[in-house]
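Use these hints to put chain H onto chain L, whose structure you have.
Chains as they are written, first to last, in this note's numbering: chain L, 1 to 118; chain H, 1 to 109.
Please keep in mind that the hints were generated in silico from the structure rather than gathered at the bench. Heads up, a few of these hints could be off.
The calculated DSSO-like cross-link candidates involving lysine-lysine, where the alpha carbons are at most 30 Å apart (straight line), are [as the list claims (entries may be wrong)]: (1) H/Lys69 x L/Lys9; (2) H/Lys3 x L/Lys44; (3) L/Lys9 x L/Lys57; (4) H/Lys69 x L/Lys44.
All figures in this text were calculated on a predicted structure; none of them were measured in a lab.
The residues making up each chain are set out below.
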Amino acid sequence: NAGVTQTPKFRILKIGQSMTLQCTQDMNHNYMYWYRQDPGMGLKLIYYSVGAGITDKGEVPNGYNVSRSTTEDFPLRLELAAPSQTSVYFCASSYSLLTQDRGSYGYTFGSGTRLTVV
Amino acid sequence: DAKTTQPNSMESNEEEPVHLPCNHSTISGTDYIHWYRQLPSQGPEYVIHGLTSNVNNRMASLAIAEDRKSSTLILHRATLRDAAVYYCILRPGNTPLVFGKGTRLSVIA
Numbered sequence: 001n002a003g004v005t006q007t008p009k010f011r012i013l014k015i016g017q018s019m020t021l022q023c024t025q026d027m028n029h030n031y032m033y034w035y036r037q038d039p040g041m042g043l044k045l046i047y048y049s050v051g052a053g054i055t056d057k058g059e060v061p062n063g064y065n066v067s068r069s070t071t072e073d074f075p076l077r078l079e080l081a082a083p084s085q086t087s088v089y090f091c092a093s094s095y096s097l098l099t100q101d102r103g104s105y106g107y108t109f110g111s112g113t114r115l116t117v118v
Numbered sequence: 001d002a003k004t005t006q007p008n009s010m011e012s013n014e015e016e017p018v019h020l021p022c023n024h025s026t027i028s029g030t031d032y033i034h035w036y037r038q039l040p041s042q043g044p045e046y047v048i049h050g051l052t053s054n055v056n057n058r059m060a061s062l063a064i065a066e067d068r069k070s071s072t073l074i075l076h077r078a079t080l081r082d083a084a085v086y087y088c089i090l091r092p093g094n095t096p097l098v099f100g101k102g103t104r105l106s107v108i109a
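Just chain L, with the same shape it has in the complex (with noise of 0.2 Å):
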């Protein structure tokens, strides 16, 4: 069982580039979700989704889209990097809270993408 799994782990992008972040899950779970992490700070979140085909926008959506075409997947797209994007970016996945009350709890998050922007 992979869990959620972020792809690249490391990217150095120069700016104006434009990437996508991968992030898959093999948990079934409906809810996903897209943080970034600065240094010495907490997460803030980008984007979520719940469920296929949902989307809605978190704390820090500017720069960024997503797409949830599928359960299981849910990328991030940069289109103009920018050095204000440089950042760890993590993706989590879990079950809608009525779930977790019936014993399935909390996120589960990747291991991140570290992205420079030069």
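This is chain H only, laid out in the frame that chain L set:
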């Protein structure tokens, strides 16, 4: 979002119990109290959560004050592997988790 207040850092000796406090004086009746921890260079991991009653699992215990305005995460016997940033988070219903800065726990051998 409901807010929590945690100390920036704490220190513990190895093999001793650790009590990590969290204040959440504006908590509402439907807010669950969640604890996560983040080991160095890793993503956060779920530790425990509760609503009103104290909770125990294999990782830790969660003690919730009777008025729910504070809670304490208890690690019964700290090990070097418990050195991490611990986040106390209030979660209303199905809304996504909102992380603060947490408490950085150092464990001394």
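Taking the hints in turn, this is what the structure says about them:
The straight-line distance between the Cα atoms of H/Lys69 and L/Lys9 is roughly 39 Å, outside the 30 Å bound, and the hint therefore fails. Taking the CA atoms of H/Lys3 and L/Lys44, the gap is near 15 Å; set against the 30 Å cutoff, the hint holds. Distance check on the hinted pair: L/Lys9 and L/Lys57 sit about 24 Å apart at the alpha-carbon level, within 30 Å; holds. Distance restraint check for H/Lys69 and L/Lys44: the Cα-Cα separation of roughly 24 Å lies within the 30 Å cut-off, and the hinted pair is therefore satisfied.
In summary, the one numbered hint that this structure violates is 1.
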